[in-house]
Amino acid sequence: MTSLSKNAIKEHPYLNTIRENFVENHSGTVAFGIIMAHGFDKAEQVIRYFDQMLLNLPHHHVDVPDILQQRAILYQEKGEHALALQDYERALEIRRQRIQENLLGISSLSGDIGRLHSTKSDFQASMKSHQLAMSTYEQLYGTEKDHITKAKVNESIGLTYYQSGNASKALEYLAHTQVAYKQLLPEKHLLQIELLGHIGAIHEEMGNLSLAEKFFRRQLNWSETVLPVDHPLIITFLESIYRIHLKMNQTLNISEIFTGHLGKLQKILEPQDALIYRVLFMAASLFESST
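Going by the UniProt record's numbering, the letters in the sequence shown line up with residues 1 to 291, in that order.
Because the hints were derived from the structure by calculation, they are not lab data. Note that the coordinates shown come from a computational prediction; the quantities given were computed from them, not determined experimentally. Be aware that one or more of the hints could be misleading.
Unchecked claim - With a straight-line Cα cutoff of 25 Å, these simulated DSS-like cross-link-like pairs (lysine-lysine) come out: (1) K120 to K182; (2) K42 to K78; (3) K188 to K264; (4) K214 to K267; (5) K152 to K120; (6) K267 to K247; (7) K188 to K214; (8) K128 to K78; (9) K128 to K152; (10) K145 to K214; (11) K169 to K214; (12) K182 to K145; (13) K152 to K182; (14) K152 to K169; (15) K145 to K169; (16) K120 to K145.
Please construct the entire structure, taking both the sequences and the accompanying hints into account.
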């Protein structure tokens with residue numbers, strides 16, 4: 001009798017592929033049940049084994065949908081179609097939920113990575129991450145209808161274009177975002193208010209000072225209707241008005257905006273509060289420039 005070494009026995013490649021897929025798709029505990037049921041004809045014992053696993057595992061455990069699916073297969077082979085369908089549908093619902101959770105996580109992480117790349121001035125990598133976020137959100141929400149998360153990604157893409165020096169492309173994306181926000185958000189939502197400032201800043205950089213001033217003025221007016229008078233954002237928006245009017249050399253009659261806001265702050269804040277000093281400085285500076 002001729003003996004063969006182990007290395008001399010060649011296995012057909014597809015057998016190795018099947019084995020790899022089996023190991024990849026099933027945990028050890030589920031694989032044990034499958035082998036016992038289909039390799040050793042222990043279907044009844046394996047059903048009880050799967051029953052016990054489902055009782056002991058938390059509902060969010062990674063193996064739960066696979067256990068349900070394998071138990072459904074055994075029910076189906078026994079002709080118990082109602083029980084099989086029940087398990088199949090439960091497994092499908094869990095897998096659908098997890099796909100959505102995974103996609104939301106992927107898109108959120110992609111957006112965070114994109115913003116991080118922007119802070120490092122790696123705008124190409126930033127754009128790639130934001131586009132990945134958009135394609136993932138489109139898998140969730142479709143390509144035809146607007147969704148608030150898709151609009152926010154468009155805003156991030158627009159700001160990335162702005163930071164990289166492509167102002168016209170930035171305005172194009174922010175205009176799309178503005179339309180979507182108007183359709184999807186309540187009037188004068190904070191996201192809309194902040195977007196006005198971004199658009200104003202781009203026009204300011206492009207030298208469209210009058211147009212920039214209109215966006216900054218609308219931003220301030222809207223914010224004063226939805227934010228408390230001492231909110232830091234309102235002070236930031238006042239600074240945008242201050243800055244643009246200095247650039248335009250149009251300080252006459254604008255100081256009343258600042259003196260008016262200063263009066264409101266003085267009614268609710270201590271005289272030494274830093275916000276009062278900031279607004280007082282802007283009001284005095286504008287008054288001096290206009291005389």
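Verification of the hints:
1. K120 to K182: Status violated; Cα separation ~32 Å.
2. K42 to K78: 12 Å, holds
3. K188 to K264: OK: K188 and K264 at ~21 Å, within 25 Å.
4. K214 to K267: Since the Cα atoms of K214 and K267 sit roughly 28 Å apart, the hinted pair is violated (cutoff 25 Å).
5. K152 to K120: Status holds; Cα separation ~20 Å.
6. K267 to K247: 31 Å, violated
7. K188 to K214: 16 Å, holds
8. K128 to K78: 51 Å, violated
9. K128 to K152: Distance ~16 Å between K128 and K152 Cα, so the pair holds.
10. K145 to K214: Answer violated: K145 to K214 is near 30 Å, above 25 Å.
11. K169 to K214: 20 Å, holds
12. K182 to K145: 14 Å, holds
13. K152 to K182: 13 Å, holds
14. K152 to K169: 16 Å, holds
15. K145 to K169: 22 Å, holds
16. K120 to K145: 33 Å, violated
Of the numbered hints listed earlier, those contradicted by the structure are 1, 4, 6, 8, 10, 16.
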